Structure formats: C-alpha cells, structure tokens
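2 protein chains.
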Amino acid sequence: MTGNKRLEAVRQHLTSSEDQKAHTLDPIASMNEERKGTSFDVRQLTYHLDGGERITKLKENMMLEFERDPLFKLDDIHDLNKDQLRERTMEKFRSILHHFQNESVDTFKKRIELISLIDPGFWTRFGVHYALFIGSLQSNATPSQMTYWFQKGAVSLSGMIGCFAMTELGHGSNVPGLETTATFEEGANQFIIHTPTLTATKWWIGGAAHTATHAIVFAQLIVRGKRYGTKCFVVPLRDPKTYETLPGVTIGDIGKKMGRDGIDNGWIQFSNVRIPRNHMLMKHTKVTELGKVIEPKLQQLTYGALLQGRVAMVVDSANTAKKALTIGIRYAAVRRQFAPTNSDIETKLLDYPIHQRRLMPLLAQAFAMHFTGSEMTEMYNDMMGQLDSATPDDPDMDQVIEALKETHATSAGLKAFCTWNCLHTIEQCRQACGGHGYSAYTGLAGMYNDFAVQCTWEGDNTILTLQSGRYLINSYREAIKGKKLAPGVGYLNELGTLIGKRCAVPTLQAILHPDVISEGWRVVCANVVKNAAIQFETCLANGMDVDDAFEECSQARLYAARLHTYAYLYNRFADGVQKVADERVRAVLTDVCMLYGLYTIEENDGAFLQYEYFTPQQMQFIRAQVNVLCKVVRQQAIPLVDAFNFSDYIINSALGRFDGNVYIHYFEQVKRANPPPRDHPYFERLIKPLLERRIRGQDDDDEDDEDEPESDLDDQE
Amino acid sequence: MTGNKRLEAVRQHLTSSEDQKAHTLDPIASMNEERKGTSFDVRQLTYHLDGGERITKLKENMMLEFERDPLFKLDDIHDLNKDQLRERTMEKFRSILHHFQNESVDTFKKRIELISLIDPGFWTRFGVHYALFIGSLQSNATPSQMTYWFQKGAVSLSGMIGCFAMTELGHGSNVPGLETTATFEEGANQFIIHTPTLTATKWWIGGAAHTATHAIVFAQLIVRGKRYGTKCFVVPLRDPKTYETLPGVTIGDIGKKMGRDGIDNGWIQFSNVRIPRNHMLMKHTKVTELGKVIEPKLQQLTYGALLQGRVAMVVDSANTAKKALTIGIRYAAVRRQFAPTNSDIETKLLDYPIHQRRLMPLLAQAFAMHFTGSEMTEMYNDMMGQLDSATPDDPDMDQVIEALKETHATSAGLKAFCTWNCLHTIEQCRQACGGHGYSAYTGLAGMYNDFAVQCTWEGDNTILTLQSGRYLINSYREAIKGKKLAPGVGYLNELGTLIGKRCAVPTLQAILHPDVISEGWRVVCANVVKNAAIQFETCLANGMDVDDAFEECSQARLYAARLHTYAYLYNRFADGVQKVADERVRAVLTDVCMLYGLYTIEENDGAFLQYEYFTPQQMQFIRAQVNVLCKVVRQQAIPLVDAFNFSDYIINSALGRFDGNVYIHYFEQVKRANPPPRDHPYFERLIKPLLERRIRGQDDDDEDDEDEPESDLDDQE
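In order, the protein sequence lines correspond to chains A and B.
Take the first sequence: its letter number 322 is residue 322 in my numbering, and every next letter is one higher.
For my numbering, add 717 to where a residue sits in the second sequence, where the first one is 1.
Chain A extracted, bound-state conformation (with noise of 0.2 angstroms):
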C-alpha cells in the first residue's frame, strides 16, 4: 500500500459510518481494524525508539531466546509460592552467566532492561551483586584490592556470591546514621564488625537468606575510640564449601514481601566478627596497621554511580509503563461494552471519550519518559566521557561540573516523579481492565506490587524531590548574583523577563504550540522557583539555620521540584520528536508530545492560573483541546503501542495480545493454572458439617426436592 493509498484509507476509516457496520464482536477482528487506520510506519517508529534497526533485532533475537529458555517460562508465575519463585530465579543465574560471558556490554546492557520487564525479582537479585556489590568494589576499593576480589571470583561467580548490607532495621535513608561497627584492633591487625543494638540488623538485605557468600557491609569506622563515620568492608558471611554460616554471622530471611518475591532478602547481624584490616575497602579513607587514619583530602565525587542508577529507573519506569499501557490499550480496543440505541453492536471501550481520558494521556507519558530516558543515558554516557578524559586544570571542566550538578539535581526528581508516574500508569491500566484487572494472570496486579519499591529504593521519592528543591532554590540563589546557570535550569537567569510574564497569543488556536508550551512551563517554574526561595529566605530572615529553613519551606520545594521535573520531561518529549527524520511519524509524535503539554498543563492548572501566564478563558480552552487531542491520538492508539515491540511472551497477559483475541486465551490461562481439585477441597471437614448440622427448631422433613418446588408456590396464576 502507497503512502497515499494508506492515508486515503484512514480517512475513510474515520469518516465513513458505514465502517460502523462492519464491527463485529469478535476480537480478533476487533483488533485488527484498529491496524489499518495506521497513519505511519509503526517500523520506523519501533526503529527510532530502540536507537536503530539493529538494537530492534538484536531485542527481537533476545526475546526469542527468553521464550525458548524454560528457565524463563512465564506463564507459570502468578501460582508459584515465595520458595518456589526464589528456587526458580536462582535457576536463571545459569543462563544468564552464559549471556554475561559472552556478549559486550551494550548488548548485554539490553538484555537486563527486557529482563527487568520479564521477572523483576531476578532483575534485582542479580543486580545485587553485578550492580551494588561488584560497584561497591568498582567505586570504594584500591586498584589492588578490586584485583584481589575479582580473582577470588567476585565477577565470575566462583566461589562467591555478594550482597549489598546498607540499610539497617532502624536506618534507611541515612546512611551517615547507620549503627553497626568497625573497630579497628591495632595488634590483629583486624576490624571486629559489630551489630551493637536490635535496629542496627542489616535489613532487607538482597541475597543475603539463601544466596551471599559475602557481604559489602556499612558500619562505622572506629579507630583508637574515635568515629570517622560510614565505611565499606568486605565480610564473608558463609561457608561457600557447605554454606554454613560463618561464626558471629546471624541470618535470618525477611520472608513475605509486596512483591519481588524471587529475591532473597534477609537480615544480618554481627556478633563481633573479625576480618582482615585489608577487607576495608581503602580506595578514598584508609587504616594503616598502626592504626593511621588517612583521609581523602575531597570528598569523593558520586554523583557518577548515582545518576546511573537513576537513568536506569528513568528507562525502566518508561519501558514497564509502556508494557502496562499495550495492555490496557490493546484490551480497551476489542472489549466492548453497552451498545448504542441505533445498533446491537456494543461500543468499544476505546471509543468511550472518557475511556480516552484515562488512556492517552498516560500513554503520552510513556513517550515523554521514554524521550527523557534516552537523551538521559546520552547525556550521562557523554559526561562521564568528559569526566574520564578531563584534566583538572581543564578550562571546560567547571561547565562540566556545573552540569554534571544540574543533572544530578534534575534526576533526583525524575527518578521520584516517573517511577510515581509508572506507578499510577499501571493502576490506572489495571482499573481500566475492570474486574478482570484484578485478575493475577492479567499481569497487571503484579506488575504494580513488584513496581512500588522503586518508588522508595536507592532514594525514597519524597527525599528525591526535597533535594531537586534544594538545588532549585540554590540555583535561584546563584542567579539573582548573578551566576549563569546550566542550561537545565537556565530559565533562572532570566527572571526579568519570566516573572509576570503571560501568554501573549492573538487567538487561542496559537496556543497550540510547542514554543507556547515551553515558554508557559518556563514561566511557571521560575516563579514556582522564587516562590519557594522567598520562602525559604524568610525563615532565614526570622532566625531559622539554614537546615531548618529548608526543612520549613519543603512543600514549596516539592511543588517547585514537581514542576521543574513536568517542564523538563515536555521539553525532552518536544526536543526528541525534533529529531525524528521520518515525517509520518513525527506527525504522530507531534499530536502526542502536545497531548501530554496540555494534559500537564491541565494537571496542573493552579499553577498556570496562579501565576497567570494563561487566563481562565485560555484554560478552558485547554481543557477542551485536551478532548480533542485524546479522540485524536486514540485514532493511533494501537499502533502506537505496537511500536513498542513487546512480544506477546514479554506482555505475558492474555488482555495485552497482539492478535486482540483476549478472551479465549485468557479462559485456557485460568484453565491450566487451576486444573479440577481430584477432591472437593475441606468439603468433608467443614462443609459437609456445617450444612448438615442440626439447627434449633428445624424442621426434619425439608428435605430436598431440588427439581419440584412446592407447587403453592405459584401466586401468580
């Protein structure tokens, strides 16, 4: 089909009500005339989204393989117990190990992101020790010290296992609180790390009940009696001939979660172990045999290893919303429900304006973190470039500091607000499936319970987006003296253009725009900005220390921070569909992208009225252009998410099959998962009892009659 030939036929699918006609019940028909609207090569789509055509076929091969392996079987899950999940994720490190072997590390890299959409239990106990134990090493050991472990194996797996021991039972966010401890014994030569209290257990330790040989553990650093806070040892905790465990190490499992159940969390508590003073990880502080404490002259730079866990979460909460959307989108165009007085066929959910409401928008979220999350890991992969080559005295090095900085800060609130966003997405998907959305093989339940933690690991949100606040309410600082700001946060050099400033548009049909919609959110941050500076200079000015003063204006430096985060996730939305060559495509892209500027807008419309920059009337209009745009996108609905790619294993939910044909797969998925009990369960135990128990006053002699009621029951004759 030409490209003009398709577009003529789209045309007449959206215009002809003969069309309605030809609907049928059946789903699979159902889904497919959704597919031959499409106004755009859903290819090239899929192309752009993945970085090219050949990352698309590399997935494709990928997802292929994970199929086939039936360690990776799927189909299975939701039946499966706490021991038997952890049995079965174990069972993957094998195949896994094989892929890490041999395979670089960009196509390796993929993998693990359709991993984490696959099981995410396993994404998380094997990142506890590729991510968190062997980064440990990779960022706090002497050059000679990672040697020595990753000969002892720690990268191939031989002969040990690690985890990460952070978090204690009384300390989560506050690493610099943690209570366990490392003193120091000068004539040993050995640190003695101890548990001293009930809340300094390590806690909710990954890998730690069935899994760790060894331990990267945090404890305080006491030397002759004196504290130099938190530091990394390395302690084994089992045996790796028998897997006992090690005398003073007590492990306990954590048991029972929300979800993620493949992951072996456990707590650990330290009965005065010894370890070698070399299994202090020494790269920045270190501990001489006499018992010299030699500290790093800088603090060490982190912003590194935590900006890549938060581009991480950033692609992730895009790539798991995007899953839950293809199946509440894909359900919402063969579901039908309610017919329309002129016809016997039903509706289908897809065309109810309100079912649009709850979809598209959400739909163009995904986009807008997908867009986010990709010019994300560019920017991080060029900065960390910069910073590996850079020399100190290298004239460029404070811009890149400074963004470095910005970006640090930004992320911070995008690591809070997309995983929140992911968050609601897939409540949202699930709602919109109705009851069959509570449903454990519709996929939508579990991906919400093994979702939620991210909105609380490696940062909880709510820190997040205070220190996002903080850093805006700095930067606002810095410009009024005059400091030119990086470009993330560069609408705070211009204030006196920003503040007051209002949309300045000779009709209302010009404020669909995105040079509109970027100046909007521009002006609406800086004055969220200096809102929350202001306050935050008054409880200065009123005698508070600056920690407190914080503390005081930290709900203006969340709504500061919310917005801010909004803002930059339409302008990398805006940005990114700049970029695409193919023109069709872009043309849908666009609808989209401004889609998600005015539903953003319209989320947050006592900020844009507050600040006047749009006048009520203007709002109102928004609010009507956001109908428009969802009928319009829903158009594209389909196909949009087909440019996603997932195949129908990665889905894995009968709702969200490519084919549409939902219910039939759906009924032989409850079928095979709930095979007929060879006995009536508990009915000679309980049932049995109860119904045939005497009761007070009964009579003997109702028995029954089941197919010959009473005939003077008939009083209508």
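Everything labelled a hint here was simulated from the structure, so no lab data went into it.
Treat the hints with care, as some may be off.
Below, in silico cross-link-like pairs of lysine-lysine (DSS-like), each with a Cα-Cα straight-line distance of 30 angstroms or less [as the list claims (entries may be wrong)]: (1) Lys1296(B) <-> Lys688(A); (2) Lys799(B) <-> Lys73(A); (3) Lys1405(B) <-> Lys256(A); (4) Lys799(B) <-> Lys671(A); (5) Lys948(B) <-> Lys348(A); (6) Lys973(B) <-> Lys671(A); (7) Lys73(A) <-> Lys1405(B); (8) Lys948(B) <-> Lys671(A); (9) Lys688(A) <-> Lys799(B); (10) Lys348(A) <-> Lys973(B); (11) Lys82(A) <-> Lys799(B); (12) Lys688(A) <-> Lys1065(B); (13) Lys1388(B) <-> Lys82(A); (14) Lys226(A) <-> Lys958(B); (15) Lys110(A) <-> Lys826(B); (16) Lys241(A) <-> Lys1388(B); (17) Lys73(A) <-> Lys973(B); (18) Lys109(A) <-> Lys1388(B); (19) Lys826(B) <-> Lys1405(B); (20) Lys82(A) <-> Lys1201(B); (21) Lys256(A) <-> Lys799(B); (22) Lys1388(B) <-> Lys688(A); (23) Lys256(A) <-> Lys826(B).
This structure is a prediction, so every number in the text was calculated from the model and none was measured.
Given the structure of chain A, go ahead and fit chain B onto it with the hints provided.
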C-alpha cells in the same frame, strides 16, 4: 488532670525547647511523649465516632472475642497460600453463623464492619451468601418463593449455600447485555439455562469454585422466541451430599487474584440445564405455566438496594483509611531519621513538615469520610423507613423520592471517590513507612491488594462518577426551568447569586471560616455543573442524541462529580463537627475540618482560580495555611488515631502498635514467620554447581583463603 492543667501541659509541650532534650531514641518513650500533649478526652471522641459509649464497648468486646478466636488468628496470614487461605476462611463460617443466629441485626452489623477490617476476603465470602444471594431473594422473589427458599435453608445455611452469578467473561457493568439464556419450555414447565458462547461464561462468581450449592443466575428470559431482558433464576449447582456438580453444570476455579484470596471465585458454564419454572424469581416479571409473560407496570425501584451497598462502602473506606493511618502515623511518631546539626537525637518523621503534609490531610479526609458515612447511614435508614410507611398518595412522597434520587446520585460519586481516596491513603501510608512498607508483615501491602477491588465492583468507579455527573447536568437543567431541587443539589437553585461570585472577605485571615469554605464550594460546584451542562447542550444543538451528548461531555461530568463530591464530604464533616457536644473534642475536630477544607481547595486550586472565587493571593494564603494546619493537627495526631480505637489485634502491624514498640515486635514477627530452614534451600542443586563450575581460562590455584588476603594488597602504607 483537670482541663486547664492539661491545656497548660499542651502549651508547654508545644513551646518548650527544653522538651526537645528529653527526647530519646526509645520508641516507647517517643510514643508516650505524644500522648502527654493530648488536648482532648480521647475516649469522648471515640464514643462520638462510634455513636455512643454502648457501641464502643460492644465493639471492644467483639475485638476481644475475635482476637481470642483461633479461627480468626491474624499474625500468620501473610504466609498462607491461596488454598490455605480459602480453607481458613471457610472455617470462619461456623463461628460467624453462631453470632448471626444469636445477636440483633444492629449488633451483627457492627460485627460485620469489624470483619471487613480483620479479613476482607471472609467479609466478601460471607457477603456473597448473605448480602447477594439472600438479598436477591428479598428483592426479586415473591413472598411464597422467599418462604420456600428460607424454609429450604437459605438463611440457616442448612443444606444450601448460595452464590450470585451475574457477571460474565464478556460483560460486567452492562447487565442488560448479559448473554446467558433462560428459555421457557412450555410443555415441561421448565426453563433451560444455557451458556451460548465462551464470553457468556459466568465469571468472578464468589463462592462458586468450592462453596456454593445454588446460584442466583442472571439470564435473558426467552419465551416463545421473544426476549424479555435479564431476569433472576435460582439454579442448583451441586449435590449438597457429595458436592458433585449437577448434570450440565461446569464449574472452574478463577484462581489467583490481586487480593482477597480467601474467597473462592469461580466460573460457571451451563449446558441446557433444566430448572422448574418456579425457580425464576417472579416478584416483578412473571411467566405462567402457559407461557404468558406478565411484565410489571412500573420499573422496580432499585435505589434502595444499590444505596445500601454504597453506604456500606463509604463506611468501609473510612474504616480502612483509619486503619492504614493508624499504622502510618504511629510509625511516624517513633521512627527517627537524620539528626539536626545541634543534636544527637534524630528527628521523628512526624516532625518533618513534609511528612505532616503527606499524612495529616489524609487523616482529615478519613474523618470527612467517617462523618459522611455516618450521616448517610442515618439518612438511608430514615428514607427507607419513610418509603416503607408511605402511601402512594402521601403529599410528602414526591419530596422523599426527590431526596432519594439525589442521595442515589451523590452516593454514586461518594462510592467512587471514597474508595479511590481510601486506596490512595493506604498507598501513601505504605510509602510513608519507607522500606518497611514493602514488607508483607507490616500490613499495608496486603491492605492495598485487598482493597483495590472496591474501585471496580458494585459499579466501576468511573461509570459511577459519570452517573453522578449526569444527574448534576439534569438537575441543572431542571433548576433553570424553575424546579426546586433536593437539598444536596440545592445550590443549583441559587445560580443567579453563585455564578460569578467572588470571595468577599476583608482580610486573608477571614477565609478561615467554615461559611467561606462552604460558599466557595457552592460557587465552584455551580460553575462546573453549569459548564458541563453547557457542553452537553452544545452537543445536543450540534445534532447529537442524548446518549452521545452525555458521552461527549463525560470529562466535564467527571469533573463536576468530583467537585460536587468533595464539597459534599466537606459539608458533612463541617455539619458533623457542629453536632459534637464535648467542647475540646469539637475544638480539635474544628482544626481537622478546616485542614480538610483548605487542603481540598488546594487540591482543586485550578477550579477555584478558574472561576475566580479566590484570587491568586488568597490561594497563596490558603496553601500556607495548609502547612500551618498540618503542624497544628500533627500535635494531636496520635490522640486522634488513638480515638479510632482499633486494638493491636485489628491493626495487625508491628508498625502500628499502640505502645510504639515497633522494632522488637516487627523483628519477632519476621523471625516467627520465617524459621531457619533445615537445609540450605537449593544449595546442592543450584548454588554449589554454580560456584564450583570450571570457567575457561581460570586458574585453579586461587583457592579460598577467606581470612588471609594477599599482603601485596597493601598499597596504602
């Protein structure tokens, strides 16, 4: 302690900086100090919330009974699998039937309310028989049919247990669209119940998998080839002596769900199952032996039955939110994180302004839902009483019917927004507990999963909001024509004064008055309803039919319903506070109610600014006052949740213990639930071969020397 002394103590507690020094890390002491500052008589508030001392004591007795009843054991439930949970749940029937047969209806209702907090799965399973099966008989059976089924054992559960087979695989909300057929066969005087397609399979039927002997089946009545719509039929499913399914009945298990796994949902297919004619429930439509169909003159008034379910769900939303908040707030009163620069003692979460922002408005909302639930319960009982006693020519009847319609529509919105609010509250409390919120044992994860279904069943929330919005538009149009509306929508009779009205207060401080808040809501609601009605009329003017026009403006309907419902909640709360006799209780609730009013205005700031009831400056003041009121309410937060008066057994979360002793009890529960395994799970099968596998190119001589790392590692000396 006298009132004055207590107030003095409170003042000291609030102002004394000395008090800070008395803080200790001990969680019990942290909790105790919270109660020292109580400004009101907690017991009085409890009596008020419960509806009197007698009911408080009744509930306390019941909580104790449940706690001592081994069938209602709670602390092991998180580790029971689906099959164990179902069996445990069935066991409880025995216990609850005893109470059902021996206590008054009102007393038993209180018991059921508690059961919903203790075991929502059992609440549903029991409710399927008592509310749905028997409820259907009451609504749809003739008196002699009712007598027949009651004599057969429907109430006493002797020889039969019922289920409610309405929803099908392909149809949920659209009851008239159900596909199951009930075809009358004249000669045989029987109906043939049949499942014609896969999508007609009865689906989600609670109790069908293991429990029920009989079903109320919703099916299309067909007589002499003509369809008469969906009616109810009693269909026997199983032989109560053997529990074998009867000929033509196929039953399967729906299996694993997001939550409430104690209820055995099943699916049912009927293959030409014959039932006697009198198994059709004929209170409304009747079919004679000769195949004459007698349809009712008037459509039955089903408002009553629907209302009862919705009132119950508002009450349940309030109660479940209270339970979640007891956990979240008590934990925040003892959990400490980060020490201020001038102190060794870390700060309580509850003392962080941002944490107050997270939980205090939700606490206020729980009170709003409580007062609304109570008032609706009363109103419902009154109305039903009036309806039962009224004669058709009663002059007040019109007014009662009008009020009933209004309450019906408002209750649709309340069911939707209260269940959404409660679900949101649970998740916010869970996230506010940080990492520990992800543990199954802290209770909030399971609470979320159990509660989530409330947003879908008994009317999908989104559809209910649209019904509410439709009623508002219709009311607006009637008001324009001069009709006097029911009190709940009375503001639509004042459009002339409300549209365009602005907040006319002399000072910002004067905003803080219930009358101002209330007026603001009336103005905003009048505007958004008007706006929705204009959109609707524009659609009609453009040639749409009524149904399409309503669909087209569904976003405006939802928005109108949202604001109307929030206003309703605020007004019920404000009215409720007025009625509190105890002065100090009223004082604290006045603060809580003002927080709720301002918080909901802030949440809907776009509407208040859009219609210019508040100026941007006033809105800024309101935002700041929410912060202030969060701090005020925080001071009484622990006494306020104490007043909910749930025992530790009901709370069933170490984090929500009354005594604040969270860590030791959490630790002990995790240990109890996860005793050390006898063997290292899957070590021999999976871990050992992995650790000991030979890797290409790896030396054999890096044998383990755990305690003696190489000395060349020492690069730092």
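Each hint, compared with the structure:
no. : hint                     : result
1   : Lys1296(B) <-> Lys688(A) : violated (51 angstroms)
2   : Lys799(B) <-> Lys73(A)   : holds (21 angstroms)
3   : Lys1405(B) <-> Lys256(A) : holds (25 angstroms)
4   : Lys799(B) <-> Lys671(A)  : holds (16 angstroms)
5   : Lys948(B) <-> Lys348(A)  : holds (25 angstroms)
6   : Lys973(B) <-> Lys671(A)  : holds (12 angstroms)
7   : Lys73(A) <-> Lys1405(B)  : holds (23 angstroms)
8   : Lys948(B) <-> Lys671(A)  : holds (29 angstroms)
9   : Lys688(A) <-> Lys799(B)  : holds (21 angstroms)
10  : Lys348(A) <-> Lys973(B)  : holds (27 angstroms)
11  : Lys82(A) <-> Lys799(B)   : holds (12 angstroms)
12  : Lys688(A) <-> Lys1065(B) : violated (54 angstroms)
13  : Lys1388(B) <-> Lys82(A)  : holds (16 angstroms)
14  : Lys226(A) <-> Lys958(B)  : violated (77 angstroms)
15  : Lys110(A) <-> Lys826(B)  : violated (56 angstroms)
16  : Lys241(A) <-> Lys1388(B) : holds (26 angstroms)
17  : Lys73(A) <-> Lys973(B)   : holds (18 angstroms)
18  : Lys109(A) <-> Lys1388(B) : violated (37 angstroms)
19  : Lys826(B) <-> Lys1405(B) : violated (57 angstroms)
20  : Lys82(A) <-> Lys1201(B)  : violated (61 angstroms)
21  : Lys256(A) <-> Lys799(B)  : holds (14 angstroms)
22  : Lys1388(B) <-> Lys688(A) : violated (37 angstroms)
23  : Lys256(A) <-> Lys826(B)  : violated (33 angstroms)
Violated hints, listed in ascending order, are 1, 12, 14, 15, 18, 19, 20, 22, 23; each of the other numbered hints is respected by the structure.
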